[in-house]
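Model the full assembly from the supplied sequences, consistent with the hints where possible.
Heads up: the protein sequence lines correspond to chains A and B, in order. If you count the first sequence from 1, you need to add 14 to reach our numbering. If you count the second sequence from 1, you need to add 349 to reach our numbering.
Think of the hints as simulated: they come from the structure by calculation, not from any bench. Among the clues, some could well be false.
[Claimed, not checked] Within a straight-line C-alpha distance of at most 35 Å, the following computed DSBU-like cross-link-like pairs (lysine-lysine) qualify: (1) A:291 / A:124; (2) B:457 / A:288; (3) A:284 / B:418; (4) A:218 / A:199; (5) A:229 / B:457; (6) B:499 / B:457; (7) B:692 / A:274; (8) A:263 / B:699; (9) B:558 / B:501; (10) A:229 / B:558.
If you're wondering where the values come from, they're calculated on a predicted model, not measured in any experiment.
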Amino acid sequence: MRIVVGMKWVPGTTSVRIDPKTGTLIREGVPSIVNPHDMPAVELALQLKDTYGGEVIALTMSPPPAIRGLEYLIGMGVDRAILVSDRVYAGADTLATSYVLAKAIEKIDKEIGKVDLAIFGQETIDSSTAHIGAQTASWLDWPYIYYAHSVKLIDNNKVLVERVLENAIEDWEVELPAIISTHMKALKPRPVRLINKIRYKVEKPLITWTNNDMKLDPRCTGLKGSPTIVAKTVDVPEVPRKKVVYKPKDGEDAAKWLIKTLMEDEKASKALIKALKEGGAK
Amino acid sequence: MSSEAKKDCNVCPEWDCQNVNDFKNVWVVGEVDENGLSEPSLQMLTPANKIATKLNTKIVGLLVGYNVKKYAKEFIEYGADEVIVLDDERLSMYSPHTYARTIAELAKKYKPAVIFISATMKGRELGPYVANTLRAGITADCTDFDVDEKTKDVLLIRPPFGAVLLAYIKTPTRRPQIGTARPNVFKLPPRDPNRNGEIIEEKVDYIQKPKARLVSRKLLPINEVPIEKAELIVSGGKGLGNIEGFKLIEELASKMNAAVAGSRKAVDMGWIPHEKQVGQTGKSVKPILYLAIGISGAAQHMFGIREAEVVVAINNDPNAPIFSQADYGIVADYKQVVPALIKEIESLKKQLQGA
Chain A
15 MRIVVGMKWV PGTTSVRIDP KTGTLIREGV PSIVNPHDMP AVELALQLKD
65 TYGGEVIALT MSPPPAIRGL EYLIGMGVDR AILVSDRVYA GADTLATSYV
115 LAKAIEKIDK EIGKVDLAIF GQETIDSSTA HIGAQTASWL DWPYIYYAHS
165 VKLIDNNKVL VERVLENAIE DWEVELPAII STHMKALKPR PVRLINKIRY
215 KVEKPLITWT NNDMKLDPRC TGLKGSPTIV AKTVDVPEVP RKKVVYKPKD
265 GEDAAKWLIK TLMEDEKASK ALIKALKEGG AK
Chain B
350 MSSEAKKDCN VCPEWDCQNV NDFKNVWVVG EVDENGLSEP SLQMLTPANK
400 IATKLNTKIV GLLVGYNVKK YAKEFIEYGA DEVIVLDDER LSMYSPHTYA
450 RTIAELAKKY KPAVIFISAT MKGRELGPYV ANTLRAGITA DCTDFDVDEK
500 TKDVLLIRPP FGAVLLAYIK TPTRRPQIGT ARPNVFKLPP RDPNRNGEII
550 EEKVDYIQKP KARLVSRKLL PINEVPIEKA ELIVSGGKGL GNIEGFKLIE
600 ELASKMNAAV AGSRKAVDMG WIPHEKQVGQ TGKSVKPILY LAIGISGAAQ
650 HMFGIREAEV VVAINNDPNA PIFSQADYGI VADYKQVVPA LIKEIESLKK
700 QLQGA
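Structure follows, in structure tokens:
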């Protein structure tokens with residue numbers, strides 16, 4: 015099986031700070047990491063390769079610093095990695111991003127070898143849209159299954175995918191090639207191994223494709239290829255709260271104060287009384 | 350569209366040329382499962398009503414599937430002005446790929462200005478597939494919608510970047526404008542059995558054969574109220590230190606007849622499943638009373654309790670940001686407070702039940 019796995023290089027914390035003078039986001043000094051939800055996707059790809067043989071190719075569309083993320087995945091055992099990077103891809107929304115990824119998968123299919131499966135993570139921690147898997151599938155006209163927990167090859171061109179939804183566990187038979195997104199808790203990722211890091215140093219299995227290689231119409235990529243625009247951003251308005259803070263003598267004092275305070279609060283007391291009476295009726 | 354217009358249309362050749370003025374109506378995609386028309390999809394009629402009123406246009410419910418026509422009247426009673434039904438045996442099995450293509454075909458024919466899809470797990474796989482098939486913009490997990498008074502573009506409002514900011518997103522040159530919102534972000538509108546509306550039955554010649562086939566489906570028992578609907582919530586975070594700490598607040602919740610929830614840290618530690626995570630990457634809750642124990646008050650968490658009526662915080666760090674965003678704060682070690690609180694609740698319960 016030849017499996018492409020998607021990766022996004024994201025700010026390592028979602029607690030982005032705001033510059034109080036300018037009101038803009040401070041991104042400097044926030045170290046980047048591989049999107050944690052991509053890790054189960056990488057692990058699934060590597061397990062499928064362990065079981066059925068073949069090759070795992072990591073793919074990202076990003077400015078060049080994402081190479082560090084790709085190196086990490088190679089350390090885990092990914093065979094090679096492709097960075098797709100060009101100024102004309104900047105400012106892309108999910109539609110324009112998925113377009114470039116889909117075209118890169120087509121290029122891998124044509125120039126490296128037939129792609130059977132592409133796997134993405136559940137969502138990213140920095141924007142959490144969960145769009146990319148579905149949109150890439152749509153460009154390629156491949157079937158798409160979300161929230162996968164496990165994947166088994168059932169014959170040469172079909173996989174059995176188990177997924178867990180809010181209220182059901184489902185098994186799907188999916189024709190290949192296909193796109194699958196993994197559930198964030200599906201699998202525990204394996205650690206980086208020294209042998210893979212050495213192999214990386216020796217073989218350098220990492221290539222970069224710019225738009226000279228991809229030859230995409232710039233009207234389909236970056237800002238121009240993005241139907242959505244951010245019209246404005248505003249601070250999340252503050253919720254008015256009472257902000258009463260009590261420093262109790264001990265636990266008992268705290269508990270008594272809280273019950274008294276809640277019973278004097280019109281809304282809280284109503285809800286509490288209702289719940290405690292109901293609790294007795296059960 | 351005339352060939353003249355096509356020639357002038359300087360967009361990605363993968364896109365069709367559009368005149369945004371050709372698009373009208375607000376669509377709501379109905380999700381049907383074993384239990385009928387799903388409540389989260391009906392909840393999307395609430396923002397649909399706001400936007401349709403501002404755009405002076407109609408709300409159209411969309412039912413795609415097999416044996417789904419019977420839900421059209423219910424859709425109307427909850428607020429759809431008309432319903433487009435595509436009831437076809439070839440759609441008896443849901444497949445994201447096939448359904449998305451079919452919905453996109455109908456959207457190409459009817460040209461809705463807006464499509465709302467509930468971000469259930471199915472909605473989250475279907476929505477972006479539909480949007481992309483139409484080469485349209487989509488904005489996920491919106492918390493509100495509005496209309497730009499000048500341009501009449503829909504504003505799709507969501508919190509990016511750790512919930513410190515709200516982004517107003519629009520798609521000025523493409524239609525339809527597609528937005529999703531998570532279940533229970535919007536309330537179910539009232540049902541009016543006297544409401545009437547047109548039911549349009551659609552037929553399509555071609556339905557793509559599914560490339561993915563559901564071979565088994567086991568329903569999971571659901572016997573708990575989802576936290577989004579709970580009136581009382583006891584919620585724990587990193588400050589609890591360990592699973593024993595979390596067990597203690599579960600005991601408190603059980604005595605109070607409250608739901609248990611947690612912060613992202615509590616989920617990361619494995620103390621509580623992701624369905625019970627409160628915050629920007631979890632659920633938005635609207636209880637009357639929210640009791641936050643060992644939760645510091647990161648912006649992402651606080652975003653999920655904006656609509657809680659009364660917020661109580663127990664934390665031993667007097668500088669925890671939650672104290673400036675709570676109604677009642679107690680600076681103390683939860684290990685001292687919670688057992689005492691359990692006793693107080695028990696005695697209050699006896700009083701109330703004796704009364």
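Go through the numbered hints given earlier and state which of them the structure violates, listing their numbers in rising order.
1, 2, 3 and 9
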